[in-house]
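**Q** Letter by letter, the chains look like this.
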Amino acid sequence: MNTQPELLSLENLEVTFQRRRSDIVRAVKGISLTIAPGETLGLVGESGCGKTTLSRAILGLVPYRGSIRCKGEELDWKKQGKVLRQQMQLIFQDPYASLNPRFTVEQALEEPLKVHTALDRQARKQRVRESVSRVELPLHALGKYPHEFSGGQRQRVAIARALMLKPEFVIADEPVSALDISVQAHILNLLLDLKNEMNLTMLFISHDLSVVRHVADRVAVMQGGEIVEEGNCEQIMESPQHVYTRKLIDAVPRLDVALGKRS
Amino acid sequence: MSEGKGYSLSGDAWRRLVHNRAALFGLVMLLFMMIACVAGPWISPYNFDEMDLMNTHQPPNATHWLGTDEIGRDLLTRTLVGGRISFAVALAATGVSLVIGVSYGGISGFVGGKTDALMMRVVDVLYALPFTLLVILLITLFERNLILLFVAIGAVEWLTMARIVRGQVMGLRHQEFIEACQVLGYSQSRILFRHLLPNVLGTVVIYVTLTIPSVMLLEAFLSFLGLGVQPPMASWGSLIKDGVGAMEDFPWLMIFPGLAMFLTLLALNFLGDGLRDALDPRRGGKS
Amino acid sequence: MSQLSVKELRVTFPLRDGTLEAVKGVSFDLEAGDSLGIVGESGSGKSVCVSTLMGLVPRPPAQISGQALFEGIELCSCSSKTMRGVRGKRISMIFQDPMTSLNPHQRVIDQIAEPLRIHQGVSKKEAGKRALAAMKSVGISDAEKRARAWPHEFSGGMRQRVMIAMAMISEPEILIADEPTTALDVTVQRQILELMSELQKKTGMSLILISHDLAVVAEVCERVAVMRNGEMVEQGTTSDVLRNPQHPYTKGLLLCNPALHEPGTRLTTLEEVMGGDDLCGEAT
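Residue numbers (our numbering), protein chains in the order written: chain A, 1 to 263; chain B, 1001 to 1287; chain C, 2001 to 2284.
Be aware that one or more of the hints could be misleading.
Restricting the straight-line Cα-Cα distance to at most 25 angstroms, the calculated cross-link-like pairs of lysine to aspartate or glutamate (DMTMM-like) are [claimed, not checked]: (1) A/Lys195 <-> B/Glu1179; (2) A/Lys247 <-> C/Asp2097; (3) A/Lys261 <-> C/Asp2034; (4) A/Lys82 <-> B/Asp1012; (5) A/Lys261 <-> C/Asp2240; (6) A/Lys247 <-> A/Glu229; (7) A/Lys82 <-> A/Glu14; (8) A/Lys247 <-> C/Glu2194; (9) C/Lys2201 <-> A/Asp256; (10) C/Lys2125 <-> C/Glu2114; (11) A/Lys166 <-> B/Glu1176; (12) A/Lys261 <-> C/Asp2185; (13) A/Lys247 <-> C/Glu2179; (14) A/Lys82 <-> B/Glu1176; (15) C/Lys2251 <-> A/Asp256; (16) A/Lys195 <-> C/Asp2240; (17) C/Lys2125 <-> C/Glu2171; (18) A/Lys247 <-> C/Asp2185; (19) A/Lys114 <-> B/Glu1176; (20) A/Lys78 <-> B/Asp1012; (21) A/Lys114 <-> B/Asp1116; (22) C/Lys2201 <-> A/Asp250; (23) A/Lys261 <-> C/Glu2179; (24) A/Lys247 <-> C/Asp2142; (25) A/Lys261 <-> C/Asp2097; (26) A/Lys78 <-> B/Glu1179; (27) A/Lys29 <-> B/Glu1179; (28) A/Lys195 <-> C/Glu2272; (29) A/Lys195 <-> B/Asp1116; (30) B/Lys1114 <-> A/Asp23; (31) A/Lys247 <-> C/Asp2213; (32) A/Lys261 <-> C/Glu2194; (33) A/Lys247 <-> C/Glu2171; (34) A/Lys78 <-> B/Asp1116; (35) A/Lys261 <-> C/Glu2198.
Which chain A residues stay away from chain B? Per the calculated CB distances, all over 12 angstroms, these [as the list claims (entries may be wrong)]: (36) Asn12; (37) Gly48; (38) Thr104; (39) Gln107.
Hints were generated in silico from the structure; no laboratory data involved.
All values reported here derive from a predicted model rather than from experimental measurement.
Positions of the beta carbon are idealized from the N, C-alpha and C atoms, including for glycine.
All chains should be built: construct the whole structure from the sequences, respecting the hints.
**A** Have a look at this one:
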């Protein structure tokens, strides 16, 4: 993968928020990262470490300093916003909050097509039906509102919406953290399938190391707005170099460890 | 809910509304009052300002169903004509406050920052102006007419609406589904008017049902000051005011206009409650 | 005789159309000094179950039947006066969200001391002293300095420590912890779990820990019970249940853990383990 040119590269990315006059918070402190096409980069860290802010900066939702390049070209949200929005998408953590309660599934999925494509009504409906089937929801789900679904089903709708415009790059921000363990397995399977089918490049943000280990090729560990360690997933899980990574890995409750204590 | 068809929000809302008995009653009642006020005076054999000095202060009887007033005018006809004015003022003023208040508050809350601060200071300043003074000013500057009354009341009522909508929008603006809209590249105005404001509808509808009675009362107050409807024209407000003066001897003069207004406000409240529920897909109505 | 003996506990809520049976005849025993973990996914009835024991489920609307005997007191049918003597004094409870379970307008030390002042009529000075000791015992550093702070000045983990101090100050016989670490980061979770184990060992109290995470429960509890759809599908010692799960649901929960799979491979789903006949949470 190292020989391929990167799809996305961040250089010295810096995000600051001004709370009050002299109270400036540096949420992201000069981060440099690259993601190769088709790669999944896991981003791990605890709450407040800046991982969500970093993702919002990549999507042009918060102002940043430094450079973000996509396929070698500097992102320019002002000029190319419309194009970039189709190429980069986001899957949210909370499927309860990320869907508009007043839109049926069909409306929610059709909306991106209305805004970005010139497809006629018939073609749009067809695309919506296809994508609903793709995320393994029944067709009668189309007329329903988000509140009529379980958490896992809502997350399927949210995934379908994010992939409606066939993006190349998707940020998944804790996509399974709000779900039950048995549902989590379904959604992870779906995400992996879709990633392979559509050849997606992904930034997978999570606090759960076992989930990241499962989906990611490489992992970056973030603490206090900085990347403290980055590298091959297995390697970092097996022999973490940084103290914080070590601490993070040790903190995860593990069944085998718990059983070991008891035997 | 096993149907596979998608509903439009309005169709869906209508279905929920007619399933709600209280709301349906409110709707029918309101329509009845409106039709009566519009069509009644044409059918009535009397004119609203037709005096009959032989038949003053008649209690309700076969010829004058609701009785007559101190100069023998038919109370039924006057109540219906008064209803026209009251409805017109209420609808126009509420309409004005809706259009201005919702867009002003929506934009202010959605854009935020300095724009928001500036827009809200304007509202504060307008709030601080004494309302009666404003109306007197308007009426001395221009000629007294009904349009002016609408404008004056509407100009005051939209302030609260704007504040309410702004508060709601600020709360919703940072919700993830709005962020999702931004990530999907929808335009700002599309996000505001198509995704955000519909979520404020419930609150707006409730506030509208509160605004209409207060507008009707405001109109009565202005008429009382001599700034609103002038005799021989009548509105429910002015009729009730006149009726209160003669209540001890001729109670029907107060009771019937009061009853008309009461029933209308009651119907509005039922309808408002029902509308709020109907407009929110999360509430009941699953058939 | 067990310290707490629950038999055939049933909790039903009336709905607009029909009823919802949240807890369907659950039985378990808790010995003094024991630790029981209750594991289940959302909607399994695990929280309703323990809230019922604490008299926190309002009835009506809820209908409760069955027995819950705690040291000769029938928790399901005792008067609210008796319940007040038990709740917060002999059985304490901590909740998932330490952000909302503290009163933002009361200083931390006063909140910790409050149970003492209410239940035992301890003087203000004495209560303050014991609250300070409790803060130290739950590992709040600089307890003297931070005692007069407000809840918003504490981090999530620190707030959960405050909650624990509050629950521990009346030296309860049973501590019930309802998803105490779900809202916390893993490193903080680790500290809180260790703290609870340590306090349990030190005081000899019993512990009921509710969690959606089998691993969390396995680390802290000697016994574990698995709940699903209001039923207790399996219970036993932690090592028995984890090593040799009897119920297919328990097997499924264990098997869909990503840590047991090769990276990038398909995860085993609950349905695959349980067979198609049994619909799971994902089904419509």
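**Q** State for each hint whether it applies.
**A** Hint-by-hint comparison with the structure:
A hinted pair counts as satisfied when its Cα atoms are at most 25 angstroms apart, and lysine 195 of chain A with glutamate 1179 of chain B qualifies at roughly 23 angstroms. Taken as a hint, the lysine 247 of chain A and aspartate 2097 of chain C pair is honoured in the structure, with Cα atoms around 24 angstroms apart against an allowance of 25 angstroms. Proposed proximity of lysine 261 of chain A and aspartate 2034 of chain C is supported: the alpha carbons are some 17 angstroms apart, at most 25 angstroms. Taking the CA atoms of lysine 82 of chain A and aspartate 1012 of chain B, the gap is near 33 angstroms; set against the 25 angstroms cutoff, the hint is violated.
Of the supplied pair hints, the one linking lysine 261 of chain A and aspartate 2240 of chain C holds, its CA atoms being roughly 13 angstroms apart against a limit of 25 angstroms. The hinted pair formed by lysine 247 of chain A and glutamate 229 of chain A meets the criterion: a straight-line CA distance of about 13 angstroms does not exceed 25 angstroms. Distance check on the hinted pair: lysine 82 of chain A and glutamate 14 of chain A sit about 24 angstroms apart at the alpha-carbon level, within 25 angstroms; holds. The hinted pair formed by lysine 247 of chain A and glutamate 2194 of chain C meets the criterion: a straight-line CA distance of about 15 angstroms does not exceed 25 angstroms.
Taken as a hint, the lysine 2201 of chain C and aspartate 256 of chain A pair is honoured in the structure, with Cα atoms around 23 angstroms apart against an allowance of 25 angstroms. As the CA atoms of lysine 2125 of chain C and glutamate 2114 of chain C are separated by approximately 12 angstroms, the hinted pair is consistent with the 25 angstroms bound. With a CA separation close to 21 angstroms, the supplied pair lysine 166 of chain A and glutamate 1176 of chain B stays within the 25 angstroms bound. Of the supplied pair hints, the one linking lysine 261 of chain A and aspartate 2185 of chain C holds, its CA atoms being roughly 23 angstroms apart against a limit of 25 angstroms.
Taking the CA atoms of lysine 247 of chain A and glutamate 2179 of chain C, the gap is near 22 angstroms; set against the 25 angstroms cutoff, the hint holds. Between lysine 82 of chain A and glutamate 1176 of chain B the CA atoms are separated by roughly 20 angstroms; this keeps the pair inside 25 angstroms, and the hint holds. Of the pairs offered as hints, the one joining lysine 2251 of chain C and aspartate 256 of chain A holds, with about 15 angstroms between alpha carbons and a cut-off of 25 angstroms not exceeded. With a C-alpha separation of about 39 angstroms, the suggested pairing of lysine 195 of chain A with aspartate 2240 of chain C is violated against the 25 angstroms cut-off.
Straight-line distance between C-alpha atoms of lysine 2125 of chain C and glutamate 2171 of chain C comes to about 18 angstroms, which keeps the hinted pair within the 25 angstroms bound. With a C-alpha separation of about 12 angstroms, the suggested pairing of lysine 247 of chain A with aspartate 2185 of chain C holds against the 25 angstroms cut-off. Distance hint between lysine 114 of chain A and glutamate 1176 of chain B is fulfilled; the C-alpha atoms sit about 21 angstroms from each other, no more than 25 angstroms. The hinted pair formed by lysine 78 of chain A and aspartate 1012 of chain B fails the criterion: a straight-line CA distance of about 38 angstroms is larger than 25 angstroms.
The straight-line distance between the Cα atoms of lysine 114 of chain A and aspartate 1116 of chain B is roughly 30 angstroms, outside the 25 angstroms bound, and the hint therefore fails. With a C-alpha separation of about 22 angstroms, the suggested pair lysine 2201 of chain C and aspartate 250 of chain A falls inside the 25 angstroms cut-off, and the hint holds. Among the hinted pairs, lysine 261 of chain A with glutamate 2179 of chain C is consistent with the structure: their alpha-carbon atoms are about 22 angstroms apart, no more than 25 angstroms. Restraint check: the Cα-Cα separation between lysine 247 of chain A and aspartate 2142 of chain C comes to about 24 angstroms, which is no more than 25 angstroms; the hinted pair holds.
The hinted pair formed by lysine 261 of chain A and aspartate 2097 of chain C fails the criterion: a straight-line CA distance of about 29 angstroms is larger than 25 angstroms. Restraint check for lysine 78 of chain A and glutamate 1179 of chain B: satisfied, since their Cα atoms lie roughly 17 angstroms apart, inside the 25 angstroms limit. For the given pair, lysine 29 of chain A sits about 23 angstroms from glutamate 1179 of chain B by alpha-carbon distance, which is consistent with the 25 angstroms threshold. Restraint check for lysine 195 of chain A and glutamate 2272 of chain C: the C-alpha separation of about 22 angstroms stays at or below 25 angstroms, so the hint holds.
Among the hinted pairs, lysine 195 of chain A with aspartate 1116 of chain B is inconsistent with the structure: their alpha-carbon atoms are about 42 angstroms apart, more than 25 angstroms. Taking the CA atoms of lysine 1114 of chain B and aspartate 23 of chain A, the gap is near 19 angstroms; set against the 25 angstroms cutoff, the hint holds. With a C-alpha separation of about 20 angstroms, the suggested pairing of lysine 247 of chain A with aspartate 2213 of chain C holds against the 25 angstroms cut-off. Restraint check: the Cα-Cα separation between lysine 261 of chain A and glutamate 2194 of chain C comes to about 14 angstroms, which is no more than 25 angstroms; the hinted pair holds.
Simply put, lysine 247 of chain A and glutamate 2171 of chain C have alpha-carbon atoms about 32 angstroms apart, too far for the 25 angstroms limit, and the pair is violated. For a cut-off of 25 angstroms, the pair hint linking lysine 78 of chain A to aspartate 1116 of chain B stands: about 23 angstroms separates their Cα positions. Note on lysine 261 of chain A and glutamate 2198 of chain C: the hinted pairing holds, with a Cα-Cα distance of about 15 angstroms set against a maximum of 25 angstroms. With a least CB separation of 24 angstroms from chain B, asparagine 12 of chain A remains clear of the 12 angstroms interface cut-off, as annotated.
A cut-off of 12 angstroms between C-beta atoms confirms that glycine 48 of chain A is not in contact with chain B; the least separation is 17 angstroms. Distance to chain B contradicts threonine 104 of chain A as a non-interface residue, since its nearest Cβ pair spans about 5 angstroms, not more than 12 angstroms. The non-interface label for glutamine 107 of chain A is inconsistent with chain B: the shortest C-beta to C-beta separation is roughly 7 angstroms, within 12 angstroms.
Figure legend: structure checked against the earlier numbered hints; hints not met, in rising order: 4, 16, 20, 21, 25, 29, 33, 38, 39.
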